[in-house]
Amino acid sequence: MSARSLRWMAYARWQLLDAIWQRLALPLGLTALFTFAGFYSMNEMASGRPDFWTTDDAGRFTRMMLRQAMSIYIPLAVLMGTNGIVAQDRQKGFFRFFFAKPVPVPDFYLSAYLIHAALATAGAALIAAGIGWYSTPQPVLATAMACALTFALLGSLLFLLSTLTYQDGLAFVIGWMLTLTLRQVEPALKDGHWLHAAVRVLPPTHRLDAVRDALYAGQAWSAVDAWHVLGYGGACLVLGLVTLRRLPLAR
Amino acid sequence: MRAVDDFSLEIAAGEVVGIAGPNGAGKTTLIAMLLGFLAPTDGDITIAGLAPRAFVERFGVGYLPELMALPTFWRADDALRRLAILAGVPAAEHEGTVTRGFERMGLDEHRRKRIKALSKGNFQRLGLAQALLCDNDVMVFDEPTHGLDPLWANHFQDIVGELRRPGRAIFIASHNLDELERLCDRVVIIDQGRMQRVVNIGDADVAATAWVVRLTAGADQLAAHFPSCEPLADGSWLVRAIDLDALNRALGAAIASGARVTAVAPHESSLEHQFREAVRR
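Line by line, the protein sequences are chains G and Y. Numbers in the working numbering are just positions in the first sequence, counted from 1, shifted up by 3. Numbers in the working numbering are just positions in the second sequence, counted from 1, shifted up by 1045.
Heads up, some of the hints might be wrong.
Capping the alpha-carbon separation at 30 Å, the derived lysine-lysine pairs in BS3-like fashion look like this [as the list claims (entries may be wrong)]:
1. K1165(Y) to K193(G)
2. K95(G) to K1158(Y)
3. K1165(Y) to K95(G)
To be clear, the hints were calculated from the coordinates, so they are not data collected in a lab.
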C-alpha cells in the first residue's frame, strides 16, 4: 500500500469520528427517541393483547414506524452530513491549516463525503434492523438503499452547493422548495412552455420518491429512475470536485 | 479593487525574507496567493518552478496563518496528530513528532485541553507547533508573534535561527519591524498592494542618519562637535550625522576632548525609517 493511501486511511479515522459525533449522532438519537416513543405507545395500547406483536396489525404498524422513522432520519442525516462540509472550513478558515499540508483539496472532501454517505447508510440499516429485531423483520437492505440513493442525490447536491457558497444550507432549502413548487405546477403548463425545460434540469426528486416508495413497500423499483437519481447525484459530486480543483478556496 | 498589484519578488533558497506594510496593505492576500488559496488575476507565482497549489500538494509548506482557526472542540494533541497525518509524518513517528512539538512550544501541560480552552498565546504556540511538524523547504509565518508574551516572542527568534538552512526559504509577514529586522535578510515593504521597496537588513545601520548617544560625562564636549544635538527624556542625546564617517569623526573628537560615551545606537532603524518613507501618504 502506498504512503499516500496509508495517510488517507489514517486521516479517515478522524473524519469517521467527526462524522459520527458532529453529524450523525443527532439524527440517530432523534430517530431512536421517536421510534422508542412510537413503540412504547403501541405497547401500552396493546397491553391487553399479549399476541399483538405476531399479528398483521403489528406488521403494518412496524412498517409505518419504519417509514416515519426514515422520513425523519434520512433528511436529517443527509442535511447534517453534508451541510457546510466544505463551506464551513472555508468560512472559518480551517482550510488554511489543512491545505498548507501536502493534501489535494478534492481528495480530502471526497473522503469526507464518502465517509458521511457510508455512515448515514449504515445508520439507516441499523434503525431498520433494530425495529425488525424488536418487532417483525424489516427490509434492512431496501432501507439502506433508500438512504444511499437520497444521499447520492441530495447529499451530492448539497456538496456541490457547499463548494460554491458559504450559504449552502440556505441555497439547498431554496432550491428544494423551488423544485417542489415547479414540479407541482408543471402538469398544469401548456406544451412548449419554457418551464418544462427548467424542470428537466431540477433534481429528479420525483424519481427518488418513486424508487424509495417501491423499496419501502418491498415492490420492484425502476432501475431507470435509480440510475437517473445516481447520474444526477454523481454529476453534482463531480462538479463539486472540479470546483474544488479549479477554484481557489479563499476566493 | 486590486489587493495586490505590480508586485515582483524572487526569494532564494536559504533566505529569510520579511514583508511589512500597514493594515490592509496586501500582505495576507500575497501569502494566500503564495499558497494557492487565491489565484492572481494576472501574473504568475511559482515555487521551485511549480504553481503554488501543485507545489503545496506535492511537498507541503510550513505555514502559520495570521488567523488561528481550528475546530474548537478538538483537543490540542488531537489537532497536532491530525495535522501531522496530513503533513505526511510517517505513522510510526506521529506520537514522537507530536510530543516533540508540545515540548518545543512549552505546551505539554495543555495537550489534553480543548482548543477553546487554550489562551490566545497558547493557541498561537500550537499554531507554531503545527507549522514546524515537517522539515519543509518553504516556511511561511503570518504575524507569528501575535499574542505571544515577550519570552515566546524572543524564543521565536531562536526558532527562526534554528530553521535557517541552505535550501529553505522563510517568509515572514509582520507589523513588528524590530522583529523583521532581527530575523530577516531582506524586508519587502508593501503598501496599497504595491511593493514600495526592498530593504537589505545588512545595510540597515549604515543608512541611519540620527543616533542616540549615552554619556556619563562630557555633554558640553558632545554639543561642541554635534551643534544640532538634542537632549532626550531619558538623559541620552540625539545627534545627527550625514554618514558613519562623519559620526565617527565627531564622536572621536568629542571623546578626545573629554566626553565619556557608554553607548551609540541608531535613533531609528533604517527599516523603520524606510518604512515611514515608503508608506508616507
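Cross-check of the supplied hints:
Only pairs whose Cα atoms come within 30 Å are accepted, and K1165(Y) paired with K193(G) is rejected, the gap being roughly 64 Å. With a CA separation close to 21 Å, the supplied pair K95(G) and K1158(Y) stays within the 30 Å bound. Restraint check for K1165(Y) and K95(G): satisfied, since their Cα atoms lie roughly 17 Å apart, inside the 30 Å limit.
Checked against the numbered hints given earlier, this structure breaks only hint 1.
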